[in-house]
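One-letter residues, chain by chain:
Protein chains: 2
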Amino acid sequence: MIGLIRVFTAKDNEVLQSHGEMIQKHFGISVLSRSIPDQPLGIYDDESEMAAIPKIVELGIELEKEGCRLLIISCAADPGIQELRGRVSIPVIGGGSSASLVARALGEPVGLMGITEGVPPVMKDVLGDLIVGYNRPEGVTNTTDLLTDEGRRMALEGARSLVNKGAKAIVFACTGFATISFADVIRKELQIPVIDPVESEGLIAANFYKQTD
Amino acid sequence: MIGLIRVFTAKDNEVLQSHGEMIQKHFGISVLSRSIPDQPLGIYDDESEMAAIPKIVELGIELEKEGCRLLIISCAADPGIQELRGRVSIPVIGGGSSASLVARALGEPVGLMGITEGVPPVMKDVLGDLIVGYNRPEGVTNTTDLLTDEGRRMALEGARSLVNKGAKAIVFACTGFATISFADVIRKELQIPVIDPVESEGLIAANFYKQTD
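Chains as they are written, first to last, in my numbering: chain A, 10 to 222; chain B, 10 to 222.
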């Protein structure tokens, strides 16, 4: 079993399970999802990240005790990944590092998209010179905005503007697009590869998890 | 279809197809394998690499013309990857970069193994501080040596010595181990993950290829 950490306090079970279910469906591995306590808004600045890290570490330690053989921190910023790696004896995979490294293997210029102010440092570090730009769709500040026709239209416009800047692939710099399967929309409309943190962490996690079955 | 470039002149069809067949079997994508002309010994020093690069580029251009939608340079050194990327309009995946980036996503200290003098620069660049050591099994200078009981014993010893140095995973710095499925031997005997360039290039290539079916 793989343990998956959501870095916010999930309001309901459907939201909690969404990343894990996508990974189970795509890669055929069982996932146990848990979310950190008392942070309904998740991580949105340095302070909230500092508050989340010890909770992420504690949750990871628990998940290892409960029998998980690999952990995923399901967030594009890889919050607490070094801290957790230092505290458990099983591998820890991060959404941001996985997506960036998978994108780097493609070797093409990429456009990044997100719904927050900037690009997580881990993604900037790995992708560096391959980044042609970052787009935050106009009027979109949370994943709910992406559920409207207008939100989707603006997000698709954003992806198109990155292609016009020379991007040969789109990398999502947040996991919010995964929940609404926005990668498939871009693939269909723009016919280019999309690298999604949830898909990427699943790809990498499954690759390692399946080796020692 | 994916085009796969072998960076030596294959003596027979079985040898030519071996990497492609492994990728087809593991990832369910069709692969067309070709080898560069007039280099039966492949790439073994700077001069032979310089000789190979224009042939790799030419072969890649041909494979794109024949309808391939993605190319693989199936070698741990990624020879000619930048040159080829500059000449075709489809993605080019390298064995060395794919293996290193997949290993980096695991985030654990790794031991590298190969049958040549040193580690390909592309792998050193990506893995850097994660490398605990490089092992070339004693008495093993080509893949044929790995087919003997003694060769396999020495290679397994080599892997074990890297684990003793702190490696949590083994990364193959050449594709020669793939042909003999040596990754499975290490996984079974040492119970640790193994990152093989042929498996990794297949994982990455399939991930992108399947997006735009």
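What the hints contain is simulated information worked out from the structure, not anything from laboratory work. Please note: incorrect hints may appear among the correct ones.
Heads up, the list lumps identical chains together, so a pair's fine if it works in one copy or across two of them.
As the list claims (entries may be wrong) - Once the Cα atoms are required to be at most 25 Å apart in a straight line, the calculated DSS-like pairs of lysine-lysine come out as:
hint, residue 1, residue 2
1, K174, K34
2, K20, K133
3, K20, K174
4, K219, K34
5, K174, K133
All values derive from a computational prediction rather than experimental measurement.
Quick rundown of the hints versus the structure:
1. Within a single copy, K174 and K34 get their C-alpha atoms no closer than 34 Å, and across copies no closer than 38 Å, so neither meets the 25 Å cut-off.
2. When the C-alpha separation of K20 and K133 is checked against a cutoff of 25 Å, the pair qualifies neither within a copy, at 31 Å, nor between copies, at 44 Å.
3. For the identical chains of this complex, K20 and K174 are neighbours neither inside a copy (38 Å) nor across copies (45 Å), given an alpha-carbon limit of 25 Å.
4. Taking the shortest alpha-carbon separations for K219 and K34, both the intra-copy value of 15 Å and the inter-copy value of 16 Å come in at or below 25 Å.
5. Taking CA atoms no more than 25 Å apart as the test, K174 paired with K133 passes inside one copy only; the shortest distance there is 18 Å, against 31 Å between copies.
In terms of the numbered hints stated before, the structure departs from hints 1, 2 and 3, listed from lowest to highest.
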